[in-house]
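*Asks:* Each chain, written out:
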Amino acid sequence: MGKMKGAEILIECLKKEGVKHIFGYPGGVILDIFDLLYDNPDIKLFLTRHEQGATHAADGYARVTGKPGVVLVTSGPGATNTVTGIANAFMDSVPLVIFTGQVPTFLIGNDAFQEADIIGITRPCTKYNILIKDVKDLARQVREAFYIASSGRPGPVLIDLPKDVTQGKTEFVWPEKVHIRSYNPTYEGNIYMIKKAANEIAKAKKPVIIAGGGCVISEAHELLKELAEFTQIPVTNTLMGLGSFPGTHSLFLGMLGMHGTYYANKAVQESDLIFAIGMRFDDRVTGKTSAFAPQAKIIHVDIDPTSIRKNVRVDVPIVGDVKNVLSALIKILKEEIKPQWSEIRKAWLKQINQWKKERPLTYEFDSAVIKPQYVIEKLYEVTKGDAIITTEVGQNQMWTAQFYKFDKPRRLVTSGGLGTMGYGFPAAIGAQVAYPDKTVIDVAGDGSIQMNIQELATAVVYDLPVKVAILNNSYLGMVRQWQELFYGERYSHTYLSTAPDFVKVAEAYGAVGLRATKPSEVEPVIREALSIRKPVFMDFVVDWKEKVYPMVPPGAAIDEMIFEEKKKERKLKAVK
Amino acid sequence: MRHTISVLVENKFGVLARIAGLFSGRGYNIESLSVGETIDPQISIMTIVTTGDDRVIEQITKQLNRLVDVIKVVDLTEVDHVEREMVLIKVAPKKENRLELLKTVEIFRGRVVDSGATTYTIEVTGDEKKIQAFIDLMKPMGIKEFVRTGKVAIPREISRKKQT
Chain A
1 MGKMKGAEIL IECLKKEGVK HIFGYPGGVI LDIFDLLYDN PDIKLFLTRH
51 EQGATHAADG YARVTGKPGV VLVTSGPGAT NTVTGIANAF MDSVPLVIFT
101 GQVPTFLIGN DAFQEADIIG ITRPCTKYNI LIKDVKDLAR QVREAFYIAS
151 SGRPGPVLID LPKDVTQGKT EFVWPEKVHI RSYNPTYEGN IYMIKKAANE
201 IAKAKKPVII AGGGCVISEA HELLKELAEF TQIPVTNTLM GLGSFPGTHS
251 LFLGMLGMHG TYYANKAVQE SDLIFAIGMR FDDRVTGKTS AFAPQAKIIH
301 VDIDPTSIRK NVRVDVPIVG DVKNVLSALI KILKEEIKPQ WSEIRKAWLK
351 QINQWKKERP LTYEFDSAVI KPQYVIEKLY EVTKGDAIIT TEVGQNQMWT
401 AQFYKFDKPR RLVTSGGLGT MGYGFPAAIG AQVAYPDKTV IDVAGDGSIQ
451 MNIQELATAV VYDLPVKVAI LNNSYLGMVR QWQELFYGER YSHTYLSTAP
501 DFVKVAEAYG AVGLRATKPS EVEPVIREAL SIRKPVFMDF VVDWKEKVYP
551 MVPPGAAIDE MIFEEKKKER KLKAVK
Chain B
1 MRHTISVLVE NKFGVLARIA GLFSGRGYNI ESLSVGETID PQISIMTIVT
51 TGDDRVIEQI TKQLNRLVDV IKVVDLTEVD HVEREMVLIK VAPKKENRLE
101 LLKTVEIFRG RVVDSGATTY TIEVTGDEKK IQAFIDLMKP MGIKEFVRTG
151 KVAIPREISR KKQT
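Those protein sequence lines, which keep their order, are chains A and B.
Everything in the first sequence is counted per the working numbering, starting at 1 for the first residue and increasing by one.
Everything in the second sequence is counted per the working numbering, starting at 1 for the first residue and increasing by one.
One or more of the hints may lead you astray.
[What the hints assert, rightly or not] Below are the DSBU-like pairs computed for lysine-lysine, each with C-alpha atoms no more than 35 angstroms apart in a straight line:
| hint | chain 1 | residue 1 | chain 2 | residue 2 |
| --- | --- | --- | --- | --- |
| 1 | B | Lys139 | A | Lys310 |
| 2 | A | Lys16 | B | Lys62 |
| 3 | A | Lys67 | B | Lys72 |
| 4 | A | Lys408 | A | Lys338 |
| 5 | B | Lys12 | A | Lys5 |
| 6 | B | Lys129 | A | Lys177 |
| 7 | A | Lys405 | A | Lys205 |
| 8 | A | Lys205 | B | Lys62 |
| 9 | A | Lys5 | A | Lys206 |
| 10 | B | Lys129 | A | Lys288 |
| 11 | B | Lys129 | A | Lys67 |
| 12 | B | Lys129 | A | Lys133 |
| 13 | A | Lys297 | B | Lys72 |
| 14 | A | Lys3 | A | Lys177 |
It is worth saying that the hints were derived from the structure and are not from the lab.
Turn these sequences into a full structure, and let the hints steer you where they fit.
*Replies:* Below you can see the structure in the form of structure tokens.
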């Protein structure tokens, strides 16, 4: 084979990696690559309207498919605009490969036009990043980037491509194998520890499984179900774990943590054994760590050793891939330890059902004004629980987590760790690119949707029929909730007013806008939106006073929840 | 407690920034850090002295291990090891103190590496305690300035794991 240009080598590498879709935005120093995408039949680039949108779209694409999302942007502002998206993917362990253009190597460090030290900027929020200085290294580095992004605990990898590297020529050699001596993730759990875990599970009287995002990433949902059913252990999910265990299952406790269910938090706090699988004890999950699950022993499975003993004490640490560990564990439990599970668990499950009855997840329906929870319930009913749901961040996200029951993994796409407003809509676009025929709905707030609303153009132009359900309360609802509860109802800068008119915005972009102001209009609007093969904004004008409950106040233990005050209309100070 | 951690890394640009960033980003302290090539020029070794309780040190070693360019991490505090540090110290003694100064240098097996009209520059190598002791003795003589290399350390050939 003769010599090829760096840009051509990159395209060949992407083909070898099986990349079909890229999200990006062109600019000066990256033009050699864009030029090759002009008439490329194998790789389709989706031009977003902002590089942040491109990164979130690639992230959404990666979360629903499990394959790395690919981003291609130019240097300087193009690169810096991806930073929020990269940090977001890093926190939630999403495989991304981001290619940024860079000024030619001889100009690096000269404060050249559109130069930014994107390697320095993204070092703390990427799994790995590298500046390619020689076109001869390009193919190997791209191969390694995809491998690093998608193996072990996945994460974003950034490759910085100076213009002279993409224009430089060399022979294209595709490395068939990847070997990085300094990078060897542990996939198999230590068998001694797994046996120890099996014994603890058999001994426990009040065990709880906390399943996190690792169960989704590892595709261990079936094993998780098998384990839970076989050993009769109730399961709660972290936000990232939702869908890894069927939301409609009798052993399911819903989400735990700050806005978790009463019974999930109660069960965790009263338990004598916590089996934490593919989760990292985030502060939104544990509440006050010193008061977290005081009587419980903790078994913790995670592929990332740094997650273990970071926030809470752990009695049985198991570093490994969730799927491998669970299958080894199930084998041991079935073959070596054979207690009468249902007998052992009877009292505990009875207690849990008692808690479920005591305080189920509820809200007060109102026939005059739309309750946001009602919208989520209707979305669930109409889509039969089978849509891909993305969310923004805040109340919309928590209500979705509480009221939409996810039976399958990779159906909830939400910004868990970083909590990025503006994530959901571009992520929905990415998910729709991956699955053009599936129903994809972004549950948004009127604040969040405006953070990447420009991507409506992307959805319209590429004919991606993403639906957006805006829970419009004219406030930054979650912040307003904190102000009401903890800052003496001083609503400092959280009132957004009624601008813009989302129906008109949708129409201006060539999409469809629908509005519901009464509960009776909710279902018809959803049905109409789903019947239109176009992007649709559904503007649900909801009760602005509604809050997300239960709520664990910041700094409290997770069983110190506050609940909705019933039947008593509290007088609220409003700036309206 | 204070720990000496030895980190074997790929000798690539940006690795030092990655390690330093890990410490600063997570609020850990670096007391001293020294870097140099190993017998394999593609690999560098860093000796990092840091402090923290067991949980912090466990996190530090795990976090270091997690970095893609890190090949191996050894907490030398847990094994028998030899450690050395060098100091270059410039002293301006009074005339009547000069003899005593040179005697002290001899006792510490140091060397005078530069001398001028008013100052001596002395090189002393040893473990941390020795370096500190020497600096303390020089103080009354009139230290102008000194530079320490930071610690380097290596496990002993027969290296038993220390009783903890």
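*Asks:* Evaluate each hint against the coordinates.
*Replies:* Status of each hint after checking the structure:
{"no.": "1", "hint": "B:Lys139 <-> A:Lys310", "verdict": "violated, 43 angstroms"}
{"no.": "2", "hint": "A:Lys16 <-> B:Lys62", "verdict": "holds, 33 angstroms"}
{"no.": "3", "hint": "A:Lys67 <-> B:Lys72", "verdict": "holds, 29 angstroms"}
{"no.": "4", "hint": "A:Lys408 <-> A:Lys338", "verdict": "holds, 29 angstroms"}
{"no.": "5", "hint": "B:Lys12 <-> A:Lys5", "verdict": "holds, 25 angstroms"}
{"no.": "6", "hint": "B:Lys129 <-> A:Lys177", "verdict": "violated, 50 angstroms"}
{"no.": "7", "hint": "A:Lys405 <-> A:Lys205", "verdict": "holds, 28 angstroms"}
{"no.": "8", "hint": "A:Lys205 <-> B:Lys62", "verdict": "holds, 33 angstroms"}
{"no.": "9", "hint": "A:Lys5 <-> A:Lys206", "verdict": "violated, 63 angstroms"}
{"no.": "10", "hint": "B:Lys129 <-> A:Lys288", "verdict": "violated, 42 angstroms"}
{"no.": "11", "hint": "B:Lys129 <-> A:Lys67", "verdict": "violated, 54 angstroms"}
{"no.": "12", "hint": "B:Lys129 <-> A:Lys133", "verdict": "violated, 44 angstroms"}
{"no.": "13", "hint": "A:Lys297 <-> B:Lys72", "verdict": "holds, 31 angstroms"}
{"no.": "14", "hint": "A:Lys3 <-> A:Lys177", "verdict": "holds, 22 angstroms"}
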